[in-house]
Structures are given as C-alpha cells and as structure tokens.
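> Line by line, the protein sequences give chains A and B.
Take 1 as the starting number for the first sequence in this note's numbering and just add one per residue.
Take 320 as the starting number for the second sequence in this note's numbering and just add one per residue.
For the record, the hints were derived by calculation from the structure and aren't laboratory data.
Honestly, I wouldn't trust all of these hints.
Chain A is faced by these chain B residues, among others (derived, beta-carbon under 8 Å) [as the list claims (entries may be wrong)]:
#  : residue
1  : 363
2  : 365
3  : 366
4  : 372
5  : 374
6  : 378
7  : 380
8  : 399
9  : 402
10 : 411
11 : 428
12 : 431
Glycine included, each C-beta is placed from N, C-alpha and C at the ideal position.
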Amino acid sequence: MTTVSAPEELSGHFDRTLERGRRIEPRDWMPDAYRATMIRQIAQHAHSEIIGMQPEGNWITRAPSLRRKAILIAKVQDEAGHGMYLYSAAETLGADRADLTGKLISGRQKYSSIFNYPTLSYADVGVIGWLVDGAAICNQVPLCRSSYGPYARAMVRICKEESFHQRQGYELLLTMMRGTAAQRAMVQDATNRFWWPSLMMFGPPDDQSPNTAQSMAWGIKRHTNDELRQRFVDMTVPQAEKLGVTLPDPGLSWNAERGRYDFGAVDWAEFTAVVKGNGPCNAQRIARRQSAHADGAWVREAASAHAAKAARRASVGAA
Amino acid sequence: MDESHGTGRAGPDGGAAPDAVRSGWPLYEVFLRGKRGLNHVHVGSLHAADAQMALHHARDLYTRRNEGVSIWVVASRDITASSPDEKDPFFAPSGDKVYRHPTFYEIPDDVPHM
C-alpha cells in the first residue's frame with residue numbers, strides 16, 4: 001500500500017497546504033528548517049511558561065489573603081500546564097522531553113527574558129498579570145492561527161486561560177489603587193519596573209529581526225514584532241489611565257494622524273544583555289530549575305519502580 | 320529503540336520518538352469527553368510511569384476548568400495510524416463513490432419530505 005512520494009511532490013503538497021491556509025499536521029512532510037524552527041519556537045515558549053512560574057511563585061507563601069493565595073496558586077499551576085501543552089506539541093515534531101528539559105537547565109535553549117527580572121512586592125503579581133500576561137496575549141492570539149496544527153491548538157487552550165491571568169492582575173491592581181498611598185506607590189513602582197521589559201517581550205525591532213520574513217511566509221508568525229508592540233501600547237494606555245498609574249515613558253503621546261500612540265525608544269542594549277544571561281535573575285532562575293529537577297529525581301524513580309512492580313504483579317496475576 | 324516503534328515514530332501525532340523510551344516514562348495520548356452526549360476527543364499527550372498516573376496527570380493537566388466528564392488515556396505506541404505517504408491510495412476507495420452522498424440523486428422538487 002505504501003508509495004514513496006518524490007521530494008518535489010512532497011514539498012509541493014506542503015506549499016499548497018500553506019497557501020490554502022490549512023494546517024500542517026505532525027506526520028506531514030515538512031522542510032527540515034520548518035521543523036527545526038517550529039521545535040525551537042515551541043520549546044522556547046514551553047521553557048518560558050515553566051520558568052515563568054518562579055517570579056510569581058515567589059509570593060505564594062506571602063499572599064495577603066486566602067483569596068489571593070488561591071488565585072495565585074491557580075495561576076502558577078496554569079503556567080505549568082501551559083508548559084506541558086507546549087512540550088507535548090514539540091514532541092509531535094520528534095523532539096524528546098528529557099532532551100528539552102536538559103537543554104533548558106544547561107542553558108542551551110532560552111526562555112523569555114522577562115522572567116529574569118525580580119518580583120519585589122505583591123504589586124508585581126498584579127503588574128505581571130496586567131502587563132506581562134497582556135503582552136503575552138497580544139503575542140499569542142495570532143499564534144492560534146499558526147500553520148502548525150498542534151501548536152495552534154495548544155495556543156487556543158492557553159489563550160483562554162491567559163484571560164483569567166490578565167484580569168486577576170488588573171483587579172488586584174484596582175484594589176491596591178483604592179487602598180493607601182503606600183499601596184498606590186507600590187503599583188506605580190511595579191509599573192515603572194515592568195513597562196519597558198514588557199515592550200521587549202515582542203522581540204527586536206523589525207529591521208533587526210532577520211527571521212521574520214521566513215517565519216511569516218511559513219505561517220509561523222502572523223504579525224511583525226513592531227506591529228504587535230504597537231498594538232500592545234495602544235491597548236494598554238487607556239488601561240493605565242483607568243488604573244491611575246503613569247507609564248514611565250515621557251515620549252508616550254497620542255498621534256491623531258496615525259490614530260495610534262507614539263512611544264519612546266526601547267533600550268535594546270538592556271534587552272541584549274538580559275538575553276545573553278546578564279539580567280538580574282538569570283542565574284537564579286536556572287539554578288532553581290536545576291534544583292527542582294534534581295530534588296524531584298527520587299519521585300520520578302519511585303513512580304517508575306511502583307509502575308514496574310504493578311506491571312509485574314499484573315502479569316503474574318494474569319499467568 | 321523500542322521494537323514496537325516500527326517506523327521510529329508512533330501515535331496519532333507522530334510523538335513517542337525513540338528517545339522518549341530512554342527517559343523511562345512512556346508517552347500517553349489523552350482523550351476527553353467534554354460533556355455527556357459527545358465523543359471523546361484527542362486533546363494532547365503526556366508522559367507518565369503507568370496508565371493510572373497518566374489518568375491523574377491528564378485530569379490535572381487537561382481538566383482544570385471542568386473541560387471533561389470522562390478521560391481515556393492510551394499509550395502512544397499502541398496506536399496504529401495511517402501514514403501520510405499512503406494517504407492518497409489509502410483513502411482512494413471513498414474518493415470515487417459519489418453515489419454514497421444524498422446529493423448524488425436528482426429528485427423532483429415537488430416530491431415532499433425527501
């Protein structure tokens with residue numbers, strides 16, 4: 001029954017599938033570079049979700065109320081879940097889970113540099129939900145139409161859950177802004193620290209993003225970094241006004257002609273430094289992930305031993 | 320490499336690459352029944368030491384917001400899937416049988432309830 005297709009036929013089928021706006025599925029033929037790019041993007045996204053548990057997880061034991069604690073635990077658990085959906089999608093491309101974990105904890109694969117900034121107060125939990133998850137939503141909603149089926153499906157699930165993340169953050173900030181002057185100052189301080197790193201989440205400017213054209217041709221990416229960054233700014237300014245905080249950019253102003261907000265220059269030197277490992281928390285984040293992996297070794301071994309024993313008993317019982 | 324991986328890949332999504340065997344925990348595919356009256360639908364995969372653990376992990380991973388009333392897990396290596404290379408001939412038998420569709424038949428408009 002099996003017929004071996006000629007390479008031109010295979011790549012023609014791939015191209016036509018993309019042209020029709022259809023999804024590429026795991027067992028389809030795909031160019032090696034498409035597979036490699038997709039694995040790298042999904043893995044980096046998965047790693048970001050996993051490392052992203054740390055900045056907020058830092059505050060679980062010090063949540064100001066049981067309500068906030070329950071919400072924060074649910075949120076951090078979601079981040080773990082998002083990481084798992086994404087690792088699962090990467091595995092459909094032939095990536096191996098243990099290998100991906102190894103690459104993360106040995107620093108050979110990256111995660112979003114936003115998580116290399118510290119969380120200094122509980123207001124950071126709110127600002128991360130509002131700005132960081134808000135930026136993530138901007139990035140991720142178009143990825144629900146990614147050309148790679150399993151990634152797009154994971155993104156649909158993730159985006160639904162991110163909406164809770166952003167809303168809980170904004171509600172937390174609204175509550176603090178109705179509180180004392182000290183609480184309002186905490187919100188402003190957290191906003192000051194996270195605003196620029198949030199803008200960096202969209203990646204380098206378009207003229208310094210050499211892979212964008214290929215990624216857009218392959219339907220891996222749907223909008224350029226600068227388009228998404230602008231969209232995020234336009235969405236966020238009115239939210240900041242409603243909240244009563246000032247975004248730390250003197251260059252931020254409404255441009256009636258463009259119908260969009262102008263904003264100041266991002267410090268790309270800082271972005272590069274953080275990506276290269278020199279952010280405030282890079283070493284701490286990786287060390288924490290390594291120790292979690294090492295500390296969990298006995299649990300994995302015990303579970304394997306239990307499974308092996310149960311399987312032996314079942315086969316003895318069946319015999 | 321696990322012998323059951325005939326092509327080096329198994330599972331409906333081509334997961335369970337041979338290296339997954341090395342990590343010790345096999346890959347399971349997860350199917351959810353969203354609510355009564357619906358079929359189980361494939362939602363993704365996860366690694367677990369055994370099927371019981373896969374069920375528990377599937378509950379934690381895929382039903383945090385009441386997305387399911389029933390879960391199936393099946394080891395990815397136990398799934399037999401059609402492969403894309405044989406796609407055209409494999410599905411060809413249904414390709415030329417338009418007479419299996421109701422629209423194939425011309426019936427006068429004034430025949431009621433048809």
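> Look at each hint and say if it fits the structure.
Here is what the structure says about each hint:
1. 363: 5 Å, holds
2. 365: Holds, about 6 Å.
3. 366: 6 Å, holds
4. 372: 6 Å, holds
5. 374: It is violated, given that the least Cβ distance between residue 374 of chain B and chain A is near 13 Å, above 8 Å.
6. 378: Residue 378 of chain B check fails; min Cβ-Cβ to chain A is 12 Å, beyond 8 Å.
7. 380: Holds, about 5 Å.
8. 399: 13 Å, violated
9. 402: At 6 Å from the nearest chain A Cβ, residue 402 of chain B passes the 8 Å test, so the hint holds.
10. 411: Check failed: Cβ of residue 411 of chain B comes no nearer than 10 Å to chain A, outside 8 Å.
11. 428: This interface hint is violated because 35 Å lies over the 8 Å limit.
12. 431: 40 Å, violated
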